[in-house]
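J.: Generate the whole structure from the sequences, applying the supplied hints.
Chains as they are written, first to last, in numbering that gives the first Met the number 0: chain U, 0 to 228; chain H, 0 to 809.
The hints are simulated quantities; they were obtained by calculation from the structure and are not laboratory data. Values in this document were obtained by computation on a predicted structure and should not be read as measured data. For glycine and all other residues, C-beta sits at the position ideal for the given N, C-alpha and C. Hints are not guaranteed to be accurate.
Stated by the list, open to error - Just so you have them, the derived chain H footprint on chain U, three or more residues with Cβ under 8 Å:
1) 119–130
2) 182–194
Claimed, not checked - Which residues of chain H face chain U? A partial, calculated answer using Cβ under 10 Å:
3) Lys6
4) Ala8
5) Leu9
6) Arg10
7) Leu14
8) Gly328
9) Lys331
10) Ala332
11) Ser335
12) Gly338
13) Arg415
14) Gln418
15) Glu540
16) Pro628
17) Gly630
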Amino acid sequence: MIQTKNLKKIYTTEEVETSALNQINLTVKEGEFVAIMGPSGCGKSTLLNILGLLDNPSEGEYHFVGHEVSKFSERQRAQLRKANIGFVFQSFNLIDELTVFENIELPLLYLKVGSGERKKKVLDVMERMQLIPRKNHFPQQLSGGQQQRVAVARALVARPKLILADEPTGNLDSANGDEVMNLLSQLHSEGTTIVMVTHSPAYSEFAQRVVHLFDGHIVTENFNQKFHV
Amino acid sequence: MFKNYLKAALRNMRLHKGLSFITIFGFAAGLACCILITLFAIDQLSFDRHYARAERIYRVGIVGSLNSKTFIGPVSCAPLAEAMEREIPDVESVVRFSGGGRGAPVVRYKDKVFSEERFYWADPTFFDVFSVPFIKGDPRTALSQANNVVLTSSMARKYFGSANPLGKIINTDNRRDLLVTGVVPDVPRQSHFHYDFVGSLAVFENSRSTSWIGNNFYTYLVLRPGASAAATEAKLQEIVRRNAGPQFQQMFGVSWDQLLKSGAQYRYFLQPLTDIHLRSHLEYELEANGDISTVYLFSLVAFGVFLLACVNFVNLTTARAATRAREIGIRKAIGSGRGQLIRQFLFESSLTSFLAILLALVLAMLLRPFFNRLAGANAQITVQGNPWLLPILLALLVLSGLVAGIYPAFYLSSFRPAQVLKGQLGGIKGKSFLRSLLVVFQFTLSITLIIGTLVINRQLHYMQNKKLGFSKDQVLVVKKTDDLGKQVRTFKQELLANPKIMAVSTSAGLMGDPTFGDNVYTVPGVSGVGQYLFWTMYADEGFLRTYDIQMASGRFFEKDRQSDLQGVVLNETAVKVMGLSDPVGREIVQMIDQSGKQTKITILGVIKDFHFQSLHEEIRPLAFHWMGPDGFGKTVSVRFRTTNIPVLLKSIEKTWKRLAKGQAFEYEFFDERFAANYNSEQNTARLLTAFSLLAIAIACLGLLGLATFATQQRTKEIGIRKVLGASVLNLSRLLSNEFLKLVLLANLIAWPLAYFVMNRWLRDFAYRTSLDIRLFLLSGVLALIIAMLTVSYQSIRAARANPVNSLRNE
Numbered sequence: 000m001i002q003t004k005n006l007k008k009i010y011t012t013e014e015v016e017t018s019a020l021n022q023i024n025l026t027v028k029e030g031e032f033v034a035i036m037g038p039s040g041c042g043k044s045t046l047l048n049i050l051g052l053l054d055n056p057s058e059g060e061y062h063f064v065g066h067e068v069s070k071f072s073e074r075q076r077a078q079l080r081k082a083n084i085g086f087v088f089q090s091f092n093l094i095d096e097l098t099v100f101e102n103i104e105l106p107l108l109y110l111k112v113g114s115g116e117r118k119k120k121v122l123d124v125m126e127r128m129q130l131i132p133r134k135n136h137f138p139q140q141l142s143g144g145q146q147q148r149v150a151v152a153r154a155l156v157a158r159p160k161l162i163l164a165d166e167p168t169g170n171l172d173s174a175n176g177d178e179v180m181n182l183l184s185q186l187h188s189e190g191t192t193i194v195m196v197t198h199s200p201a202y203s204e205f206a207q208r209v210v211h212l213f214d215g216h217i218v219t220e221n222f223n224q225k226f227h228v
Numbered sequence: 000m001f002k003n004y005l006k007a008a009l010r011n012m013r014l015h016k017g018l019s020f021i022t023i024f025g026f027a028a029g030l031a032c033c034i035l036i037t038l039f040a041i042d043q044l045s046f047d048r049h050y051a052r053a054e055r056i057y058r059v060g061i062v063g064s065l066n067s068k069t070f071i072g073p074v075s076c077a078p079l080a081e082a083m084e085r086e087i088p089d090v091e092s093v094v095r096f097s098g099g100g101r102g103a104p105v106v107r108y109k110d111k112v113f114s115e116e117r118f119y120w121a122d123p124t125f126f127d128v129f130s131v132p133f134i135k136g137d138p139r140t141a142l143s144q145a146n147n148v149v150l151t152s153s154m155a156r157k158y159f160g161s162a163n164p165l166g167k168i169i170n171t172d173n174r175r176d177l178l179v180t181g182v183v184p185d186v187p188r189q190s191h192f193h194y195d196f197v198g199s200l201a202v203f204e205n206s207r208s209t210s211w212i213g214n215n216f217y218t219y220l221v222l223r224p225g226a227s228a229a230a231t232e233a234k235l236q237e238i239v240r241r242n243a244g245p246q247f248q249q250m251f252g253v254s255w256d257q258l259l260k261s262g263a264q265y266r267y268f269l270q271p272l273t274d275i276h277l278r279s280h281l282e283y284e285l286e287a288n289g290d291i292s293t294v295y296l297f298s299l300v301a302f303g304v305f306l307l308a309c310v311n312f313v314n315l316t317t318a319r320a321a322t323r324a325r326e327i328g329i330r331k332a333i334g335s336g337r338g339q340l341i342r343q344f345l346f347e348s349s350l351t352s353f354l355a356i357l358l359a360l361v362l363a364m365l366l367r368p369f370f371n372r373l374a375g376a377n378a379q380i381t382v383q384g385n386p387w388l389l390p391i392l393l394a395l396l397v398l399s400g401l402v403a404g405i406y407p408a409f410y411l412s413s414f415r416p417a418q419v420l421k422g423q424l425g426g427i428k429g430k431s432f433l434r435s436l437l438v439v440f441q442f443t444l445s446i447t448l449i450i451g452t453l454v455i456n457r458q459l460h461y462m463q464n465k466k467l468g469f470s471k472d473q474v475l476v477v478k479k480t481d482d483l484g485k486q487v488r489t490f491k492q493e494l495l496a497n498p499k500i501m502a503v504s505t506s507a508g509l510m511g512d513p514t515f516g517d518n519v520y521t522v523p524g525v526s527g528v529g530q531y532l533f534w535t536m537y538a539d540e541g542f543l544r545t546y547d548i549q550m551a552s553g554r555f556f557e558k559d560r561q562s563d564l565q566g567v568v569l570n571e572t573a574v575k576v577m578g579l580s581d582p583v584g585r586e587i588v589q590m591i592d593q594s595g596k597q598t599k600i601t602i603l604g605v606i607k608d609f610h611f612q613s614l615h616e617e618i619r620p621l622a623f624h625w626m627g628p629d630g631f632g633k634t635v636s637v638r639f640r641t642t643n644i645p646v647l648l649k650s651i652e653k654t655w656k657r658l659a660k661g662q663a664f665e666y667e668f669f670d671e672r673f674a675a676n677y678n679s680e681q682n683t684a685r686l687l688t689a690f691s692l693l694a695i696a697i698a699c700l701g702l703l704g705l706a707t708f709a710t711q712q713r714t715k716e717i718g719i720r721k722v723l724g725a726s727v728l729n730l731s732r733l734l735s736n737e738f739l740k741l742v743l744l745a746n747l748i749a750w751p752l753a754y755f756v757m758n759r760w761l762r763d764f765a766y767r768t769s770l771d772i773r774l775f776l777l778s779g780v781l782a783l784i785i786a787m788l789t790v791s792y793q794s795i796r797a798a799r800a801n802p803v804n805s806l807r808n809e
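T.: The following block contains the structure:
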């Protein structure tokens with residue numbers, strides 16, 4: 000599903016050139032759960048943004064669901080993104096002005112899904128996430144864990160092939176963090192491909208494979224034993 | 000999707016109540032002003048367009064010039080109309096009329112007696128040229144007989160109630176009985192003249208005059224379709240040369256060509272009917288006209304205020320970008336394309352402008368009476384039945400939605416989600432060049448308006464206080480004294496018995512009156528072109544004392560000197576124009592009429608120049624003639640010395656009642672009457688003051704909004720600086736300086752701009768105030784102080800906040 004070849008990302012300001020990613024060769028197969036770890040500033044989020052089609056690489060190739068996308072325009076990326084990728088962020092990133100229901104509904108609106116089907120899909124995913132009682136609440140009225148559940152629901156509602164999670168547990172206490180991780184792992188078991196950035200060694204255990212980044216390079220790739228049969 | 004946009008937009012507004020209010024209200028105020036002025040402009044431009052052939056109707060005017068005086072008026076001579084109809088095939092129809100204003104006849108029907116100012120006397124073709132659908136009667140025959148009269152429906156009601164007016168007889172001035180032959184609708188307000196009665200001009204002997212020199216009629220003509228006005232004018236000159244030439248020769252003893260060669264002019268010109276209201280400001284206009292420059296000025300101001308309001312909108316929306324960046328990032332990450340975001344923001348701006356227009360409509364409705372009062376009597380805005388209102392609103396909606404929304408839409412939708420979601424606002428957070436530019440623009444406009452307002456008010460003050468060469472205060476003017484006839488003498492004598500009354504005088508015409516009589520004078524010995532056209536005033540011997548006018552040499556008229564009727568008193572300018580070195584006692588010749596009749600008169604004295612016209616005009620040559628012991632004019636001026644005006648009035652009224660046999664006692668104070676000359680400037684000043692206030696208020700609203708955002712964005716910086724030891728003063732200075740620099744820059748642009756504009760405006764006045772540098776400084780300082788107050792409220796609040804809170808954020 001994902002294949003990068005010699006991916007590079009360079010940020011240039013007037014004086015300095017900073018290389019955020021260097022020679023990244025990464026492959027993620029369909030149905031895989033990959034965790035990306037590494038210290039602050041190693042390029043984890045940059046990589047995730049490129050994988051999520053929010054940003055273009057400076058050099059190298061990126062194949063996503065069969066397309067070479069590294070030179071895609073913003074418009075083309077947006078098209079591909081909304082049909083295939085769901086995001087979960089550390090800071091939830093819900094829209095404050097919209098209710099729980101409306102936040103979850105948003106991706107379907109952008110996909111131009113008809114209103115009857117939209118309602119059904121949103122309610123389905125809400126039921127699954129046990130969010131029905133919170134349907135008409137606004138994000139500020141929810142706890143952090145509940146907000147992240149809404150964010151996950153929103154990422155799921157359009158049934159994307161890939162879910163990208165950027166430190167999804169970073170702003171949560173351990174109980175809520177566990178809950179979110181269980182959710183992700185359940186999705187994985189149902190066949191969704193997941194790429195997750197995390198600082199937590201414990202949560203990286205949920206992934207089949209852990210990629211360690213350091214100074215923009217992939218330094219090691221470990222396969223978690225429990226997934227090896 | 001739109002439901003989603005709508006929800007997001009409405010909730011966003013609710014979340015930022017204060018700022019949304021500022022945005023919408025500022026926008027609405029600007030739009031309301033725009034709506035009012037647009038309606039005003041449309042109203043002004045639609046004058047006289049209701050006549051069927053309006054585009055082909057012209058008025059004949061005259062340019063007459065003799066030595067130092069030029070007369071340009073909308074009048075023409077009696078035989079002109081018929082000659083044109085006969086000799087110029089392009090003339091489809093022509094009408095003459097006179098009357099209106101001067102010499103309002105008293106109309107009687109049974110017990111109803113009124114003095115009617117809007118009584119005109121016209122040729123039978125009147126309703127052919129000024130076609131109206133008759134309510135009763137036949138337009139073709141209505142004025143065919145000498146004793147016919149047509150009246151408007153409100154006059155029909157006033158005199159006859161519900162009875163049929165046709166066939167009724169009304170009486171004018173106890174002299175003529177007139178048969179009502181038609182009823183027409185009231186003349187629409189948007190006409191340059193309004194009649195209540197139109198009688199047959201044939202009743203007047205002078206309508207059959209063959210003189211080409213006395214211009215006593217208003218002549219209007221309809222040209223055939225496709226005919227050229229210029230060609231018609233050329234033919235007109237030829238007719239005039241042929242007919243007026245011999246008459247001039249007889250009067251002055253000089254041939255027509257000689258006269259023209261000496262620089263004299265005598266020619267007729269055509270004015271398009273639809274230009275009269277806004278572009279004609281001649282002597283003897285039928286009614287006070289509007290002014291195209293006012294329409295331009297106001298339209299310019301309206302456009303400026305509209306831009307101000309849009310600028311505010313753009314500024315506030317883009318400033319809010321920082322707070323909305325995250326939402327944009329999320330929407331993009333979730334799958335929104337740029338186009339969808341642009342549509343969303345355009346939708347939001349349209350929604351805002353829709354709400355603003357609703358509010359603007361309410362504001363415009365509420366402000367309408369106020370605006371009408373400011374704009375003056377002949378500029379009315381009516382909402383009902385104005386077919387233009389809806390299209391204007393729609394246009395405004397689309398225009399403002401686009402103008403105000405397009406930049407924020409493209410700007411906001413360009414955010415890169417990868418950055419904004421990480422809170423890296425980079426370029427968004429920094430000062431926006433555009434935003435600064437817009438603030439400078441707003442304040443440039445505001446400061447220019449403030450300077451304009453100050454200059455206009457200063458000029459008004461100058462005009463009201465300039466030494467005029469006579470004393471305009473403490474003089475009461477009793478009106479319609481010609482009703483007293485020869486009783487005026489008794490009236491004056493009885494008033495003088497009152498110890499509070501210092502002097503009285505009756506005169507035909509007063510200082511500042513829009514129209515004056517004139518006479519032609521010649522100096523014997525200088526033949527041919529030595530003719531002078533002077534303004535003429537007829538007064539009694541008390542005039543000098545009543546208005547405290549100074550003699551330069553010689554004497555004024557004396558009470559019992561019958562021979563003074565053959566005397567004249569000139570002003571210094573007249574003496575200078577004639578080139579007389581020792582004027583007192585000299586004989587000059589006054590032309591009596593076109594037949595060449597003349598009379599010798601002696602210069603009794605010379606009065607010092609005084610401003611007998613408004614300060615728009617330079618002092619011109621003036622000749623005083625004596626009315627004689629039994630003379631009476633339309634007014635009696637009373638110089639008094641008392642502060643107890645009511646008692647004075649009561650005493651004068653008592654005398655009046657006794658002598659005037661039931662005529663109402665009407666009076667005004669001379670200084671107010673004279674000040675009416677500056678009504679147009681006063682209206683402009685008032686409106687401009689209102690607009691400047693509005694402009695500065697809108698600019699400040701915008702500034703307040705920007706300052707709010709600027710401080711919100713910099714809370715973290717403020718927190719850090721505070722932790723490091725910055726004082727509240729340090730911080731508020733830091734936050735305010737940025738804006739104050741912009742206002743200073745605006746001053747630098749506004750000053751030359753205002754200088755240029757106001758210099759031009761002042762050129763309309765023969766006597767004018769200077770453009771004092773202090774006015775500019777004052778405006779600048781004023782704008783700076785207002786801006787400082789606006790910004791520092793936010794700055795101080797932000798600077799006083801506890802840094803712990805701001806640092807914990809984000």
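J.: Compare the structure with each hint and give your call.
T.: Hint check:
| no. | hint | verdict |
| --- | --- | --- |
| 1 | 119–130 | violated (count 0) |
| 2 | 182–194 | violated (count 0) |
| 3 | Lys6 | holds, 7 Å |
| 4 | Ala8 | holds, 8 Å |
| 5 | Leu9 | holds, 8 Å |
| 6 | Arg10 | holds, 4 Å |
| 7 | Leu14 | holds, 7 Å |
| 8 | Gly328 | holds, 7 Å |
| 9 | Lys331 | holds, 7 Å |
| 10 | Ala332 | holds, 5 Å |
| 11 | Ser335 | holds, 5 Å |
| 12 | Gly338 | holds, 8 Å |
| 13 | Arg415 | holds, 7 Å |
| 14 | Gln418 | holds, 9 Å |
| 15 | Glu540 | violated, 85 Å |
| 16 | Pro628 | violated, 90 Å |
| 17 | Gly630 | violated, 84 Å |
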